[in-house]
Every structure is written in C-alpha cells, then in structure tokens.
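Given these sequences and hints, build the entire structure.
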Amino acid sequence: MDLINKVKIEFPARPQNVALARSLVVALVAEADPTLSELDELKVAVSEAVTNAVIHAYPENPQGLIELTACLENSGVTILIRDWGQGIADLPKALEADYSTQKERMGLGFSLMQAFSTEMEVKSEPGQGTWVKLHRDLAKPENLPEI
Amino acid sequence: MQNYYHLEQFGDSLIVRLHGELDLQWTDQLRESLEDELQKPAIKNLLINLSELSYLDSSGLGVLLGRYKSLAERKGRVFLIGAKPHIRRLLELSGLFRIMEEAADEKSVLAALKEAGNGSD
Chain G
1 MDLINKVKIE FPARPQNVAL ARSLVVALVA EADPTLSELD ELKVAVSEAV
51 TNAVIHAYPE NPQGLIELTA CLENSGVTIL IRDWGQGIAD LPKALEADYS
101 TQKERMGLGF SLMQAFSTEM EVKSEPGQGT WVKLHRDLAK PENLPEI
Chain X
148 MQNYYHLEQF GDSLIVRLHG ELDLQWTDQL RESLEDELQK PAIKNLLINL
198 SELSYLDSSG LGVLLGRYKS LAERKGRVFL IGAKPHIRRL LELSGLFRIM
248 EEAADEKSVL AALKEAGNGS D
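For the record, the sequence lines run as chains G and X. If you read the first sequence in the working numbering, its first letter stands for residue 1, the second for the next number, and so on. If you read the second sequence in the working numbering, its first letter stands for residue 148, the second for the next number, and so on.
Keep in mind that the hints were calculated from the coordinates and are not lab data. Since the model is a prediction, treat every value here as computed from it, not as a measurement. Just so it is clear, CB atoms sit at the ideal spot from N, CA and C, and this is done for glycine as well. Keep in mind that a hint or two might mislead.
To be verified - To spell it out: a stretch of chain G is covered by chain X in this simulated footprint if at least three of its residues, at any positions, have a beta carbon under 8 angstroms from a beta carbon of chain X; those stretches are:
1) 7 to 18
2) 45 to 53
3) 109 to 121
Claimed, not checked - A short list of chain G residues far from chain X (calculated; beta carbon distances all over 12 angstroms):
4) Gly64
5) Glu67
6) Thr69
7) Trp84
8) Gln86
9) Ala97
Following this line, the structure appears as structure tokens:
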C-alpha cells in the first residue's frame with residue numbers, strides 16, 4: 001500500500017466543519033480521478049463520521065477537537081476521524097441500523113459509512129473518545145505517481 | 148453552489164425547494180422553518196423539491212422523516228420531487244421512498260392533488 005498523498009487537520013466540533021472535512025477529502029482524492037459515484041459516496045461516509053463526532057463527542061463543549069487524517073494510497077483512500085470526547089457507551093448497539101440516542105436522527109450514520117466504504121473500523125472508550133477508520137477502494141489510483 | 152431553501156404555499160400544499168448541500172449546518176434552521184409552516188392547519192401536503200440539491204446525508208434525511216411524521220398524524224402526504232441519482236440512492240437506503248411518494252416535478256403533483264380533490268389553488 002504505497003502512500004501518494006496525506007493530509008491531517010484538527011478542527012473544533014462545529015456543524016460548519018462537516019462540509020470542511022468532506023471538501024478536504026474530495027480535494028485530496030481528486031488526483032486519483034475518482035468517478036462521480038465514488039466521490040458522492042465518500043463525501044457521505046466522511047460527513048457521517050464527522051457529524052457523529054460533532055453531535056455526540058462533546059455535548060458540553062463545541063470547541064472540543066476532532067482530528068481527520070486522510071491518506072491517498074495506491075489502493076484507494078483511508079480516512080481516520082478521531083475525537084477525545086465522551087465516547088460511545090454501547091458500541092455494538094450504536095452500530096445497529098436505526099439506533100439513535102437523539103430524536104429526529106435516523107440512526108443511519110454508521111450504516112451509511114459502512115455502505116459507502118470498502119472497510120470500516122470503529123473503536124471507542126467511554127470518557128476517552130472515538131476512532132473511526134474508513135477505507136474506500138478507488139477505481140484508478142494505480143496510475144498515480146508515488147512520492 | 149449556495150446552500151439555501153425556499154418555501155412557497157400553494158393552496159393546501161407547502162413546497163420546499165432545497166438548493167446546494169444539506170448537512171448538519173443547515174438542518175436546525177430548515178427544521179424550524181418547516182415546522183412553523185406545517186403548524187398552519189391549512190397545510191395538508193408537503194412537496195420537497197430536491198432537483199437543485201447536490202448533497203444530502205443522514206442529518207437531512209432525519210429532518211425529512213420528522214416532517215413526514217408531523218404530516219402523517221393528520222393524514223397529509225409528502226412528495227419527494229426530482230432527486231438526482233446519488234440523492235435518490237440515499238432516499239432508497241434510508242427507506243424514505245417506502246413512506247413518501249416520488250414525483251418528477253411539482254406541476255404534476257399539484258395537478259394530481261387538485262384532481263383528487265386533495266389540493267386547491
């Protein structure tokens with residue numbers, strides 16, 4: 001798995017930063033010439049992970065930090081989204097479709113991340129924070145130069 | 148593309164036209180605006196025009212489902228209009244197409260509602 005490009009940013013848990021995060025990932029993968037469908041699905045997967053962190057990680061502190069690391073590789077793109085917030089008390093339950101702790105939310109976040117990623121991994125500890133890894137294969141990255 | 152929404156009442160139908168990207172940043176504002184309008188007893192139907200919407204995720208889907216629940220309580224109908232293919236896929240995955248009606252354009256929905264005696268202009 002050869003690294004082609006990498007970006008790492010940290011931002012506060014503000015709703016405005018959901019769009020910022022997905023725009024950054026779109027800009028990173030642009031050189032791999034992804035299909036429109038790959039881009040659309042990647043945008044949703046990243047946004048769902050960041051939205052979860054914005055909503056759930058720091059209920060008392062919108063300045064709590066979220067870190068996003070995205071690596072463009074020959075095999076596709078790997079994205080890590082982590083926070084140091086309250087964590088998920090019951091991770092298996094949270095991963096179930098339609099489960100949400102909040103009214104007006106559909107509990108689709110993890111389902112959409114899974115549907116639109118090739119691989120998804122989630123780790124969380126109450127009081128320690130949450131770590132989400134998404135990998136998405138892209139159709140053409142093997143044509144890219146290595147650094 | 149600028150993100151915004153536009154509301155218009157047409158008889159007993161409320162039309163909301165969504166533009167740009169609908170994510171967590173806009174959902175609270177959209178929810179409040181729609182709820183204010185849907186409180187009006189005259190409103191029976193909601194037409195959600197998605198033809199200018201380029202991005203949607205679970206935050207926006209939640210707002211649409213919430214409004215469906217508000218209207219379903221008084222036997223109203225909700226229509227999803229003109230969704231682009233990637234938005235359509237999300238509507239399918241979320242199950243919203245199973246409870247809301249799909250339509251190609253506003254005109255045909257308003258005409259059908261009028262025909263059925265379920266709408267007026």
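For each hint, the structure was consulted:
1. 7 to 18: holds (count 3)
2. 45 to 53: holds (count 3)
3. 109 to 121: Contact hint for the stretch 109 to 121 of chain G vs chain X: holds, 4 residues under 8 angstroms.
4. Gly64: Glycine 64 of chain G is indeed farther than 12 angstroms from all Cβ atoms of chain X, at 15 angstroms.
5. Glu67: 18 angstroms, holds
6. Thr69: 21 angstroms, holds
7. Trp84: Answer for tryptophan 84 of chain G: holds, closest chain X Cβ roughly 20 angstroms.
8. Gln86: 18 angstroms, holds
9. Ala97: 10 angstroms, violated
Of the numbered hints stated above, the single one contradicted by the structure is hint 9.
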